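Visitor: Residue-level listing of the chains:
2 protein chains.
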Amino acid sequence: MIDFRPILFIIGILMSTLALAMCLPAVADAAVKNPDWEVFALAAAFTLLIGVMLMLTARSRARNLNQRQAFILTALSWTIIPAFGALPFTFSELELSYTDAFFEAMSGITTTGSTVLTGLDFAPPGILIWRALLQWLGGIGIIAMAIAILPMLQVGGMQLFRMESSDSSDKVLPRAAQLITYIGFIYLGMTMMCALSYWLAGMRGFDAVAHAMTTIATGGFSTSDQSIGHFASATIDTIAVVFMLLGSLPFVLYLRALRGNPGSLWRDNQVHWFLAIVILAATAMAFHLYLNNGFGLREAFRLASFNVVSIITGTGYATTDFGLWGTFGLTLLFFMMFVGGCAGSTTCGIKVFRFQVLYATAVTQIRRLLEPHGVFISYYNGKPIPYSVGDSVMSFFFLYALCFAVIAIGLGMIGLDFLTAMSGAATAISNVGPGLGDVIGPAGTFASLPDSAKWLLSLGMLLGRLELFTILVMLAPAFWRR
Amino acid sequence: MIDFRPILFIIGILMSTLALAMCLPAVADAAVKNPDWEVFALAAAFTLLIGVMLMLTARSRARNLNQRQAFILTALSWTIIPAFGALPFTFSELELSYTDAFFEAMSGITTTGSTVLTGLDFAPPGILIWRALLQWLGGIGIIAMAIAILPMLQVGGMQLFRMESSDSSDKVLPRAAQLITYIGFIYLGMTMMCALSYWLAGMRGFDAVAHAMTTIATGGFSTSDQSIGHFASATIDTIAVVFMLLGSLPFVLYLRALRGNPGSLWRDNQVHWFLAIVILAATAMAFHLYLNNGFGLREAFRLASFNVVSIITGTGYATTDFGLWGTFGLTLLFFMMFVGGCAGSTTCGIKVFRFQVLYATAVTQIRRLLEPHGVFISYYNGKPIPYSVGDSVMSFFFLYALCFAVIAIGLGMIGLDFLTAMSGAATAISNVGPGLGDVIGPAGTFASLPDSAKWLLSLGMLLGRLELFTILVMLAPAFWRR
Numbered sequence: 001m002i003d004f005r006p007i008l009f010i011i012g013i014l015m016s017t018l019a020l021a022m023c024l025p026a027v028a029d030a031a032v033k034n035p036d037w038e039v040f041a042l043a044a045a046f047t048l049l050i051g052v053m054l055m056l057t058a059r060s061r062a063r064n065l066n067q068r069q070a071f072i073l074t075a076l077s078w079t080i081i082p083a084f085g086a087l088p089f090t091f092s093e094l095e096l097s098y099t100d101a102f103f104e105a106m107s108g109i110t111t112t113g114s115t116v117l118t119g120l121d122f123a124p125p126g127i128l129i130w131r132a133l134l135q136w137l138g139g140i141g142i143i144a145m146a147i148a149i150l151p152m153l154q155v156g157g158m159q160l161f162r163m164e165s166s167d168s169s170d171k172v173l174p175r176a177a178q179l180i181t182y183i184g185f186i187y188l189g190m191t192m193m194c195a196l197s198y199w200l201a202g203m204r205g206f207d208a209v210a211h212a213m214t215t216i217a218t219g220g221f222s223t224s225d226q227s228i229g230h231f232a233s234a235t236i237d238t239i240a241v242v243f244m245l246l247g248s249l250p251f252v253l254y255l256r257a258l259r260g261n262p263g264s265l266w267r268d269n270q271v272h273w274f275l276a277i278v279i280l281a282a283t284a285m286a287f288h289l290y291l292n293n294g295f296g297l298r299e300a301f302r303l304a305s306f307n308v309v310s311i312i313t314g315t316g317y318a319t320t321d322f323g324l325w326g327t328f329g330l331t332l333l334f335f336m337m338f339v340g341g342c343a344g345s346t347t348c349g350i351k352v353f354r355f356q357v358l359y360a361t362a363v364t365q366i367r368r369l370l371e372p373h374g375v376f377i378s379y380y381n382g383k384p385i386p387y388s389v390g391d392s393v394m395s396f397f398f399l400y401a402l403c404f405a406v407i408a409i410g411l412g413m414i415g416l417d418f419l420t421a422m423s424g425a426a427t428a429i430s431n432v433g434p435g436l437g438d439v440i441g442p443a444g445t446f447a448s449l450p451d452s453a454k455w456l457l458s459l460g461m462l463l464g465r466l467e468l469f470t471i472l473v474m475l476a477p478a479f480w481r482r
Numbered sequence: 001m002i003d004f005r006p007i008l009f010i011i012g013i014l015m016s017t018l019a020l021a022m023c024l025p026a027v028a029d030a031a032v033k034n035p036d037w038e039v040f041a042l043a044a045a046f047t048l049l050i051g052v053m054l055m056l057t058a059r060s061r062a063r064n065l066n067q068r069q070a071f072i073l074t075a076l077s078w079t080i081i082p083a084f085g086a087l088p089f090t091f092s093e094l095e096l097s098y099t100d101a102f103f104e105a106m107s108g109i110t111t112t113g114s115t116v117l118t119g120l121d122f123a124p125p126g127i128l129i130w131r132a133l134l135q136w137l138g139g140i141g142i143i144a145m146a147i148a149i150l151p152m153l154q155v156g157g158m159q160l161f162r163m164e165s166s167d168s169s170d171k172v173l174p175r176a177a178q179l180i181t182y183i184g185f186i187y188l189g190m191t192m193m194c195a196l197s198y199w200l201a202g203m204r205g206f207d208a209v210a211h212a213m214t215t216i217a218t219g220g221f222s223t224s225d226q227s228i229g230h231f232a233s234a235t236i237d238t239i240a241v242v243f244m245l246l247g248s249l250p251f252v253l254y255l256r257a258l259r260g261n262p263g264s265l266w267r268d269n270q271v272h273w274f275l276a277i278v279i280l281a282a283t284a285m286a287f288h289l290y291l292n293n294g295f296g297l298r299e300a301f302r303l304a305s306f307n308v309v310s311i312i313t314g315t316g317y318a319t320t321d322f323g324l325w326g327t328f329g330l331t332l333l334f335f336m337m338f339v340g341g342c343a344g345s346t347t348c349g350i351k352v353f354r355f356q357v358l359y360a361t362a363v364t365q366i367r368r369l370l371e372p373h374g375v376f377i378s379y380y381n382g383k384p385i386p387y388s389v390g391d392s393v394m395s396f397f398f399l400y401a402l403c404f405a406v407i408a409i410g411l412g413m414i415g416l417d418f419l420t421a422m423s424g425a426a427t428a429i430s431n432v433g434p435g436l437g438d439v440i441g442p443a444g445t446f447a448s449l450p451d452s453a454k455w456l457l458s459l460g461m462l463l464g465r466l467e468l469f470t471i472l473v474m475l476a477p478a479f480w481r482r
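In order, the protein sequences belong to chains G and W.
The numbering of the first sequence is the working numbering, which starts it at 1 and goes up by one.
The numbering of the second sequence is the working numbering, which starts it at 1 and goes up by one.
Chain G extracted, bound-state conformation (with noise of 0.2 Å):
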């Protein structure tokens, strides 16, 4: 049998985290005196309350979570939090039903930024500070998680990130609690170089908190309806550019780089491949926009880099309807949404350095075909890939596939038009935000679909975050066994 209680009372703290974090929209609603501060102070007491009560209940003396009880953890925390965290949505005067609130806490917590709301713009501070708020603590979830379980978990080829943090010869802090205090702050520094930035060139302290936290977790839920797009402003694009792109580098690095060992960030070979992949994908898509859809080169790198940036990284801004650049723009951001950033950042989507592995695999495979006794050994980062992570990788990716396709054939049985059943579940596995088409892409909202098809969503956003095998795992009988 498994042990529940050290998992519950894990949970007990995070939901108390949770409630603690609702008291700021509180505060926010209050000082414009809107009464929606009530609901935020409802739900954190709410919330802290069963918070507490499961610490209470379930303390117990056991101090070391084994395999089991860690994947039962994540996925369950996963679930509680945008459970309650969808509460303020609920009770707020936007009164969403309990499904589209728990959609958009899902999509705040997982940083997808798929959302259900229009009328931002006029909405209360409360409202869009909590938003806000749930990317930001999903994004630094997120990286906690890389660095500390799923390496552990061996999930997905993260084991090839486990080997090089606790490799003893490497000066890396060895124990995961403290690496993760220390990017903790580099996390909150970061977001508050972005605000600051965001504030000079022109935004409102508010927005530019606001988006500074979302841009960071490559969240991409925003204060206006028109995103970005909004403040129309060239410099204010570039800083989310800059931001979002180093929200998508490993942080692991920046922590190597602050003690006094800058060139590992540029050394590492993810964050080479992931910038090539980007400069690529803009600069095609920005000659097409200009020898195609009539802008000028310079428009056309700065609609292109943002927006290509914006999908890449998952992040999900938009600064205009890139549904109609045409059916190239709408190929190549379909399969950009798979892409990610590198592993231990706040991106999601299948992520560059399994691309690499796969890459690798395959031409060694091209390799032993013209020398079919020859030895072949794939390289990631100048060391041999182990069977074990190549295997992990490519099941990974396999999976990854399969789930995009049930997820794809399920919302055409609810009834979603191709291109919207298509890019709908991309855009919830690979957690990027808007989809394509005039439903779901950056000019509409998922408002407008069926309660089923926003449930279906959810659980890929989950399936995405947590990496497929953190929840299948939990399909197969053998796990619940003994």
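Hints listed in this document are in silico derivations from the structure and should not be mistaken for laboratory results.
Take the hints with a grain of salt, since some may be wrong.
Said to hold, decoys possible - Simulated DEER-style distance windows between Cβ atoms: (1) W/Pro450 with G/Gly374: 35 to 45 Å; (2) W/Cys23 with G/Ala276: 48 to 58 Å; (3) G/Trp455 with W/Pro477: 32 to 42 Å; (4) G/Tyr387 with W/Glu93: 56 to 66 Å.
To be verified - Residues of chain G clear of chain W, computed beta-carbon distances all greater than 12 Å: (5) Leu20; (6) Cys23; (7) Leu117; (8) Ile180; (9) Thr181; (10) Asp225; (11) Leu265; (12) Tyr379.
Predicted, not measured: the structure shown is a model, and the values here were computed from it.
Beta carbons: idealized from backbone N, C-alpha and C, even for Gly.
Chain G is already provided as a structure; the job is to place chain W on it using the hints.
Guide: Positioned in the frame of chain G, the structure of chain W alone reads:
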């Protein structure tokens, strides 16, 4: 340096065979006094001339091909044959542009079944029999390749079948040439049985033969613009379903069955999986049609089973415009395009055994997550899957997804709409036939696409038919070195 002479010698033989095949449509046209018989006769003479010239000039003492030569031979023969096979289309009364003619011939020889032609119902018999013949030759060609060449080249996990057939404890005939001869007779026998069944069910003799050739080859060219739907006969639908399925099973198992081991067909894991996927998809589609599209249960099953089998096996016949079946139909059929049949059959696509290997590896992966120190082995057909096969299959899957994405983006760049670009790329690389949507769906043709799209799709068909690696390996600089 690579010695091209033995390659060109064999291509000379193949071209002479092609020239011989061209005589059949010449006879058919001459019989109805259609002047196109001269076109076929001239094309045959020209092809024979070049073929014999190649055989004479490239004669060499070398008997065996090495790896590289085998790769070049495979790629070159599947390019040169459609290049010459296109001649009758260009010079006949159809007066196709060479692009259209090449597309049609490539679609034929790769057993894809995408067409640029309309007015088939009134087309001269020579053209119709030539299209059927191309697919029929392509079908046996691909079985021969899957038995003799791909396992030797270890392409995409096909070494799984080399081991099987060279296993001395197995009573399968050891020598490939002999094996192919036997299977050729089985292929011919099944074609005749299929033609006879069609004829008994009411088709004209000519139509019966033409359709039998494209059914067994899972090709999909028809003698009517309405495809099999033209005959509006439940019996003919059923015959087509049975023989499409028979064409999708491993032909080597038929041989074993004939040699006194009928059980081998029913004990093969790949056959179980294939039939399970077909039944599952057809049943889901039938209930969808029954519940949402207002068909009777019987009619729903008839339509669903025919069209689902036609798409999964990559045949590409249609009995109705399944573009009108709503998005569930579109999304399900879209993903079904990738499935394909069994290895060693006339089908294309990813193929069922690869899904089995991918699934087995993913399950092993999940079990390993639960017991990191346990030893788990993936099995295929009761035997452990060697590492090299697993890697090979997974690289194949990754490259398949990558090639699909590149072709779809390319079609988007050319300006096709999203559904046409996505389904066009899928139908080409999986050699299915029709795409989805108004343009290239079962009710349309590929005629209206720009030339560049036709060439790109032709490349996609070639890539898919030759299992990617055979073409991609030649892009490696190492291939051409020394």
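Visitor: If a hint holds in the structure, say so; if it doesn't, say that too.
Guide: Hint check results:
1. Roughly 43 Å separates the CB atoms of W/Pro450 and G/Gly374, a value that falls within the hinted 35 to 45 Å.
2. Separation of W/Cys23 from G/Ala276 is about 54 Å and conforms to the stated range, judged on CB atoms against 48 to 58 Å.
3. Roughly 50 Å separates the CB atoms of G/Trp455 and W/Pro477, a value that falls outside the hinted 32 to 42 Å.
4. For G/Tyr387 and W/Glu93, the Cβ-Cβ distance of about 60 Å falls inside the hinted range of 56 to 66 Å, so the restraint holds.
5. Every CB of chain W is more than 12 Å from the CB of G/Leu20 (nearest about 33 Å), matching its label as outside the interface.
6. With a least beta-carbon separation of about 38 Å from chain W, G/Cys23 lies farther than 12 Å from that chain, consistent with its non-interface assignment.
7. For G/Leu117, the condition that its CB be more than 12 Å from all CB atoms of chain W holds, with the nearest at approximately 26 Å.
8. Distance check for G/Ile180 against chain W: the nearest CB is about 22 Å away, which clears 12 Å, and the non-interface claim stands.
9. Residue placement check: G/Thr181 keeps its beta carbon more than 12 Å from all beta carbons of chain W (closest about 27 Å).
10. At the 12 Å boundary, the C-beta of G/Asp225 stays outside the reach of chain W, the nearest C-beta of that chain being 25 Å off.
11. With a minimum CB-CB distance of about 28 Å to chain W, G/Leu265 clears the 12 Å threshold, and the non-interface call stands.
12. Against the 12 Å criterion, G/Tyr379 stays outside the reach of chain W, whose nearest CB is about 15 Å from its own CB.
Checked against the numbered hints given earlier, the structure breaks only hint 3 and satisfies all the rest.
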